[in-house]
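Asks: Those sequence lines, one after another, are chains A and B. Under our numbering, the residue at position 282 of the first sequence is numbered 282, and the numbers go up by one with no gaps. Under our numbering, the residue at position 21 of the second sequence is numbered 21, and the numbers go up by one with no gaps.
Please keep in mind that the hints were generated in silico from the structure rather than gathered at the bench. Incorrect hints may have been included.
Stated by the list, open to error - 25 angstroms max Cα-Cα, derived DSS-like pairs, lysine-lysine: (1) A:K151 to A:K73; (2) B:K451 to A:K447; (3) B:K447 to A:K73; (4) B:K73 to B:K151; (5) A:K73 to B:K451; (6) B:K73 to A:K451.
For reference, the chains in residue letters:
2 protein chains.
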Amino acid sequence: MSERLVVIGGDAAGMSAASAARRGRGPEELEIVAFERGNHTSYSACGIPYFVGKDVADAGSLIARTPEEFSRKHQIDARTGHEVCSIDLDRRAVLVRDLKAGSEAWEGFDQLMIGTGATPARPSLPGIDAEGIYGVQTLDDGLALRAALEKHPRRAVIVGAGYIGLELAEAMCASGLEVTVVGRGEGPMLPALDADMAGLVTDAVRSFGMTMLLGESVTGFETHDGRVSAVLTGQRSIPADVVVLGLGVLPNTALALDAGIRLGPSGAIAVDGRMRTSAEGVWAAGDCVEKFHRISRRAVRLPLGTYANKEGRTAGINIGGGYATFPGVVGTAAMKICSTEVARTGLGEPEARDAGFEPVSAVVESTTRAGYYPGARPIRTKLIAERGSGRLLGAQIVGEEGAAKRIDVLSVALWHGTTVEELINMDLAYAPPFSPLWDPVLIAARKAWDKVAAIR
Amino acid sequence: MSERLVVIGGDAAGMSAASAARRGRGPEELEIVAFERGNHTSYSACGIPYFVGKDVADAGSLIARTPEEFSRKHQIDARTGHEVCSIDLDRRAVLVRDLKAGSEAWEGFDQLMIGTGATPARPSLPGIDAEGIYGVQTLDDGLALRAALEKHPRRAVIVGAGYIGLELAEAMCASGLEVTVVGRGEGPMLPALDADMAGLVTDAVRSFGMTMLLGESVTGFETHDGRVSAVLTGQRSIPADVVVLGLGVLPNTALALDAGIRLGPSGAIAVDGRMRTSAEGVWAAGDCVEKFHRISRRAVRLPLGTYANKEGRTAGINIGGGYATFPGVVGTAAMKICSTEVARTGLGEPEARDAGFEPVSAVVESTTRAGYYPGARPIRTKLIAERGSGRLLGAQIVGEEGAAKRIDVLSVALWHGTTVEELINMDLAYAPPFSPLWDPVLIAARKAWDKVAAIR
Chain A
1 MSERLVVIGG DAAGMSAASA ARRGRGPEEL EIVAFERGNH TSYSACGIPY FVGKDVADAG
61 SLIARTPEEF SRKHQIDART GHEVCSIDLD RRAVLVRDLK AGSEAWEGFD QLMIGTGATP
121 ARPSLPGIDA EGIYGVQTLD DGLALRAALE KHPRRAVIVG AGYIGLELAE AMCASGLEVT
181 VVGRGEGPML PALDADMAGL VTDAVRSFGM TMLLGESVTG FETHDGRVSA VLTGQRSIPA
241 DVVVLGLGVL PNTALALDAG IRLGPSGAIA VDGRMRTSAE GVWAAGDCVE KFHRISRRAV
301 RLPLGTYANK EGRTAGINIG GGYATFPGVV GTAAMKICST EVARTGLGEP EARDAGFEPV
361 SAVVESTTRA GYYPGARPIR TKLIAERGSG RLLGAQIVGE EGAAKRIDVL SVALWHGTTV
421 EELINMDLAY APPFSPLWDP VLIAARKAWD KVAAIR
Chain B
1 MSERLVVIGG DAAGMSAASA ARRGRGPEEL EIVAFERGNH TSYSACGIPY FVGKDVADAG
61 SLIARTPEEF SRKHQIDART GHEVCSIDLD RRAVLVRDLK AGSEAWEGFD QLMIGTGATP
121 ARPSLPGIDA EGIYGVQTLD DGLALRAALE KHPRRAVIVG AGYIGLELAE AMCASGLEVT
181 VVGRGEGPML PALDADMAGL VTDAVRSFGM TMLLGESVTG FETHDGRVSA VLTGQRSIPA
241 DVVVLGLGVL PNTALALDAG IRLGPSGAIA VDGRMRTSAE GVWAAGDCVE KFHRISRRAV
301 RLPLGTYANK EGRTAGINIG GGYATFPGVV GTAAMKICST EVARTGLGEP EARDAGFEPV
361 SAVVESTTRA GYYPGARPIR TKLIAERGSG RLLGAQIVGE EGAAKRIDVL SVALWHGTTV
421 EELINMDLAY APPFSPLWDP VLIAARKAWD KVAAIR
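The following block holds chain A by itself, in its conformation from the complex (with noise of 0.2 angstroms):
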């Protein structure tokens, strides 16, 4: 008999899990439907930022799969511009609206998959609904965002120092706007980096022309003829003609807490393995649930567009009939901010504390190439062990051209339980073009193990 299964979400986590669905069960054995609030299906909100600053000139390019695509390569009926209200596990029935419309109806279910994401931190301070004030999370935020820049603003204020506080920053400044940074904490992108590697991201920002402004809480906006002005802060008054919010994102939770379905200790939707949650027939993945981090091994969330992806292909696999577990992270994440690059994997030193680690750590200056080859580039690789047994218990890597993919090696000995010590003999790619003959890495594991090593 056929079922039907009904997606929450028609981004990242939603459609992965019904084209993995899909795979595993035809039409006729498995109808499914997905509901979007938004214009738009399964993009790459990651590459927004791109789209804002004009490396990426069509919105479309950003489009992995339009709702055409998906009626008719997968037959998944994919609606845009429906917003799912409510969850009704016993009538096993979602409440759905059609926003264009205006009109409301019950969907029923056999499987239901949340992909709710999650929605950007807004605070309420005075002034936030001020015009000139931009989110960047969905599509529409960003064609906003990039027809603003179109009337020529001269100042843009950008608050929050986080990966995508810094990635519209080097838009704006690609775009010609004085840019001015506000973060709260002492450097940016904390606590994903530790402050010394902060700092490195601090100078090179200030060295692209750009204020960054640090342990400065924003307290409000001034506003003229209801557009802002000016970004206020305790210290200061900061003049701006467009403002972007990267405050950092919270999981969308109402429907499925509402729904009586459990979340986490982290307050997002607690899922197992396999993606299921404490509700029978009902999968979630994506930005709404919370994540297994294999170091710290706590219930984390970290919305990552990769675990979206990962997770919703596991919940998909298994509503098809297979079998698949999404078996945690290790928290690895990379951004570009002109030509710096940036990249951490596992726990920075307080986060290692933090989970009851006695962290040791090493820091090494190297080249992206030999260093004699043209277009070799300075690399900076922190490695944080474990004292004692030398365990890797995280990495981190601030640099140029070549830097920031080079965390990926760290990433896989972590995930292996890997020490120090057997990561200084790793058989890494070398030839004078892509590394020096000891590759940076290695050069940190020697210097973290010597560390390790040492008597206190």
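Guided by the hints, dock chain B onto chain A, whose structure is given.
Replies: For chain B alone, kept in the frame of chain A given last:
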């Protein structure tokens, strides 16, 4: 009481060992003398093609440390122009010839480190000793070849289509010569690459305007007034003003063998994990020793600079009174020819079969960055896995800028015995400037796992 360490060979293995031994034991405890028959110590042999092709202007920048630096900074007495002619294990002495003075003398040792390296194969073909035929192993070879290019030769023939051959083909091409590469095998870089991946390299080389002749063995050289004028194969005569030999290398084992030191099944010097040879107090490292291959579980000859450095360091730590082991290799290597990057690790399909595995493979085409991001370049990734277990056995990558170093992820995964199923969910870094959302490595893992899991 003070001991004396004699090092044979002043390059990667020998001087890494000397330096590491010095870190362990100061000059009052350990006297260190290194004999090098060439004119230079510790230079990047891998950099020679880039010096020849003028990416590197100055030969001096390839030299990591001069004998003067070893003497001043490390109290290591490194003597160039000194060849060790014989090892007498009973007398605990080596016979050393001063190549300039023409004199010989016995030098005693307590510990002996053999880092004699390897010598390029130079088949005894008619005409091989003609002027204009170059081997490229030592820095002096590189200087000679670069000097030859100053005379504006027109046509270069590279004999051998392996790593060195192709790197030198790039150098010749960059110097404006018409280049023909002649390879004995049906593809370049066999058996390091499988035939399908080698085919991509052939296509690339030809697209750069070079001629690639495959399946042709060189039978001799035509000469004119003592200078080479053409390269002869069974099929044709190829006019040549400059010929470069890139036919691989053979380990220099004669000294060790004559002294009664045991060779291993691969024909190179046998060592244990600490780099001890079969003779008490005699250590060896680098191209002259065999390595344990962690995937085939066989002793292999793999003359790579990274191994020489790591093995030398291992020997030196042990000589210096510490403890270290070299845990073997997985056969990772990378090279660039013009804009094409090539990398490999582990076993290819024929190698896997030969080692007793039943391999399945998957090849995927993707891009080095998000498809919509500027500078995204093609990358083809091949994974080889064991049918049944799904264990990763090897990987090969051919692509453009940003492709090759991705092999390291697979090298570390191989090292740990990872399956392609587990690889699918590895936490690799993503941001549009660095990778598609699904990293090419992970897409390949998905495809390989589908094949592993399928009924035949």
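Asks: Hint by hint, note whether the structure agrees.
Replies: Going through the hints against the structure:
| no. | hint | verdict |
| --- | --- | --- |
| 1 | A:K151 to A:K73 | violated, 40 angstroms |
| 2 | B:K451 to A:K447 | violated, 41 angstroms |
| 3 | B:K447 to A:K73 | holds, 20 angstroms |
| 4 | B:K73 to B:K151 | violated, 40 angstroms |
| 5 | A:K73 to B:K451 | holds, 23 angstroms |
| 6 | B:K73 to A:K451 | holds, 23 angstroms |
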